[in-house]
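Yeah, the sequence shown ends on 345 if you go by this note's numbering, and it's all consecutive.
In case anyone wonders, no lab produced these hints; they're calculated from the structure.
Please note that the accuracy of each hint is not assured.
[As the list claims (entries may be wrong)] Pairs of lysine to any residue residues, derived as SDA-like cross-links and limited to a Cα-Cα distance of at most 20 Å, are as follows:
hint: 1; residue 1: LYS300; residue 2: ILE242
hint: 2; residue 1: LYS308; residue 2: SER239
hint: 3; residue 1: LYS257; residue 2: VAL326
hint: 4; residue 1: LYS297; residue 2: ASN236
The model shown is predicted, which means the values in this text are computed figures rather than measured ones.
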Amino acid sequence: ETAAGPSPPPASSTESEPSKEPENCPQEEEEDERWPHGGYNSPYNYSRRDNEFKSPGSGYSSWTHSWSKHWSPKETSRNEDKPTGVGAGLENLGNTCFINAVLQCFTHTVPFVLGLRSLNHHEKPCDRDMESFCLLCALRDHIELSLHSSGGVVSPTKIFDNLNYFSSFFQRYQQEDAHEFLQCLLDRLESCCSKLKNDLSSIDDCLVKKVFGGRLVSRLCCCNCGHVSSTYEPLNDLSLEIEDADSLSTALESFTKVEKIEDLELNFRCENCKEQVSVEKQLMLDQAPSVATFHLKRFKTEGTYIEKIDKHVDFPLELDLQPYAVGNERNNVSVTFAATIYKIT
1 ETAAGPSPPP
11 ASSTESEPSK
21 EPENCPQEEE
31 EDERWPHGGY
41 NSPYNYSRRD
51 NEFKSPGSGY
61 SSWTHSWSKH
71 WSPKETSRNE
81 DKPTGVGAGL
91 ENLGNTCFIN
101 AVLQCFTHTV
111 PFVLGLRSLN
121 HHEKPCDRDM
131 ESFCLLCALR
141 DHIELSLHSS
151 GGVVSPTKIF
161 DNLNYFSSFF
171 QRYQQEDAHE
181 FLQCLLDRLE
191 SCCSKLKNDL
201 SSIDDCLVKK
211 VFGGRLVSRL
221 CCCNCGHVSS
231 TYEPLNDLSL
241 EIEDADSLST
251 ALESFTKVEK
261 IEDLELNFRC
271 ENCKEQVSVE
281 KQLMLDQAPS
291 VATFHLKRFK
301 TEGTYIEKID
311 KHVDFPLELD
321 LQPYAVGNER
331 NNVSVTFAAT
341 IYKIT
């Protein structure tokens, strides 16, 4: 399952298993003129129940405007101004469900597509000239073709033929892990974007960090004196245990719950009281990403035995990340994150 929505920060999730082939979704009867260029009038991108985006204090237009200042395409034809519905279905080229799931997610993630279009890649030397394959070109070409082929079928041939570009462990026609592919793709994409010297240099973060980047904080509280130490870690996705969770909310609660560590062999020594102590550990969101990606861990290992956790995980149409973030008094944590969930795996 995955979640995404254009305002406020959307969310998405992948599972660590190949997916069924995505199905083409019905096109909406009425077009939404607020939707970005290139075909985003998708029933999966925001809630149709109230025909509006729910946001405390700010609506879709203000959030889109903040993105448009940096991510708006320089040249757009009149045909691209008109929403064209959801993107095309993707052909299975032989155990390519893990590729298709990630590409479908990218295709329908508005900030990512706007950012990709804004890179002005053709104004700079292309990696394809030296390496025969350019990820920026391949992603852009695939997404644009998909968005302009609504109701049809598109083959992700360029990505499939260059699996070794992402990792030497990926083999064509073999079942691979969608989450691992996503991570490798984002790493490669971040490397590509760092090479570009264009107008994007005025923005603090590259495309990957701007869209998917967030930050976790790990807090250790001394059970002896109460001293708290914090460690920060960047993130592009959250991996959630679901063995004891039947919903996304429950999995997030488990991820952020306080854990007491009393094993003295771990040798926790408090920097304040200088004693070897038990500690309470908690992971929380310190900086929320614009697009939150959740990886549902569907496999557990016991020795050499691997078992799949084959059960339904419920998810809401609107997801509030506030309970899983550090205090609201921090300026970098929004009050509410509402998102619409859609299925990619």
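Hints, one by one, checked against the model:
no., hint, verdict
1, LYS300 - ILE242, "10 Å, holds"
2, LYS308 - SER239, "16 Å, holds"
3, LYS257 - VAL326, "12 Å, holds"
4, LYS297 - ASN236, "16 Å, holds"
Of the numbered hints listed earlier, not one is contradicted by the structure.
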